[in-house]
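> Below, each chain spelled out in residue letters.
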Amino acid sequence: MKAGDLYNTEPERVPQDHEIAVEIGGFSILLRTQDRIFRDMLVSRYAGFVGSASQPRFEFDVDLTAPSELPESESEDDVRVELRDGMWRLRRGDFRAHWDPRAGRGRIRQSANPYSIDSVLRIVHTLILAKEGGFLLHAASAVRNDRAFLFSGISGAGKTTIARLAARDVIVLTDEISYIRRTQYGYRACGTPFAGELARVGENCSAQLSTLFFLVKGPQNKIEPVDAPEAARLLLRNILFFAEDAELVKMLFRSACEFVESVMVRRLTFVPDQRVWDLIQ
Amino acid sequence: MSDKYIARSSAIAARMLGGEMMIMSAVDSTFFTLNEVATAIWQSADGRTPLSEIVGGVIEQFEVEPGVALRDAERFVEELSPHGILLVSDRPIDDPCTGSRETA
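Protein sequences appear in the order of chains F and S. Each residue of the first sequence is one higher than the last, beginning at 0 in numbering that gives the first Met the number 0. Each residue of the second sequence is one higher than the last, beginning at 0 in numbering that gives the first Met the number 0.
Certain hints may be false.
[As the list claims (entries may be wrong)] Examples of chain S residues lying across from chain F (beta carbon under 7 Å, computed): (1) Ala12; (2) Arg14; (3) Gly17; (4) Glu19; (5) Met23; (6) Ala25; (7) Thr32.
[To be verified] For each label pair, taking beta carbons as the anchor points, the in silico distance ranges come out as: (8) Arg104(F) <-> Asn34(S): 47 to 53 Å; (9) Val67(S) <-> Asp99(F): 52 to 58 Å; (10) Met263(F) <-> Ser80(S): 35 to 41 Å.
[What the hints assert, rightly or not] Residues from chain F that keep clear of chain S, each with C-beta distances beyond 10 Å, as calculated: (11) Ser27; (12) Arg101; (13) Arg143; (14) Arg167; (15) Arg199; (16) Gln273.
Source of the hints: derived by calculation from the structure; they are not laboratory data. The beta carbon of each residue, even a glycine, is placed where N, CA and C say it ideally should be.
Start from the sequences and build out the full structure, keeping to the hints where you can.
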């Protein structure tokens, strides 16, 4: 070795971790990546939902790969969620992930895009909530006078429309995926960054749930009661759930039944203009 | 009629809600709401009582024609068993799964 070689050597690059904690519904999930640009993209994507990284409830390492490195055998629409040996395994055409709920740790393999990680977060939250009597629901949600309202329905029922028509004193939590937590006092609706056609993340706040409305577009604004069996049917049709797990399916069924027994459920027929909010107080 | 025996599977969740029996298969997440007669058959499906005897009870309780009651009961069994909701056997089911604890 010649004198000075020690100083001419190229410094070895030590991979550096970049972290972000995404906090939804009070659950903080730490995402760790070695790609700073990807982390910055997530900070932008989850603006308003970025929490403290010091005490996350769960942690995921995110390995970024080229899209071509993921097996092409499955469609991006065909998600599989299975529990094997205490480990949740999540896979879709655009990602692979595993998560040990007891250790609170997991790993995600995907390309550098925000959509795959968004899907993983949704799935993980459905699993967390299912154990606690809550769920994610295809619904817009909003807070008025400190009370939360859910507006559920299939695609085209009017979730984004009702969110777009919200009066000034209404805080929109989401126009697409509502987050329902069970508490000792009932149910709370929490804001989510999961946006629909409104393409705007919800407000990161929560409120005691007042009413679940099932949306129908019609010639006049009216609110009608929905009996418990019909409410349970409609609710189960709109709950997001991906896991192929018999015990969780049973829990979800029980949660849906308990929900409709304790929360007011109504059918809201509405003309798509702002007057519909006169009925929602 | 060769007798059949039916038993409620444990791979289901069931609950009486607003006067209707609601059943969900934990196997494929299919969801059924049972009417009064179907609920009576469901509640009698203990794996030990022959279907003919269950139908006899239905005829007595709901005053329906025997032929209609039998046909409806067989259709009910045919609809629910592929979803793992009802277990069906030609012999008594020794270890009947008596349904989920939520069954009202």
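> Can you list which hints this structure breaks, lowest number first?
Per hint list: zero violations.
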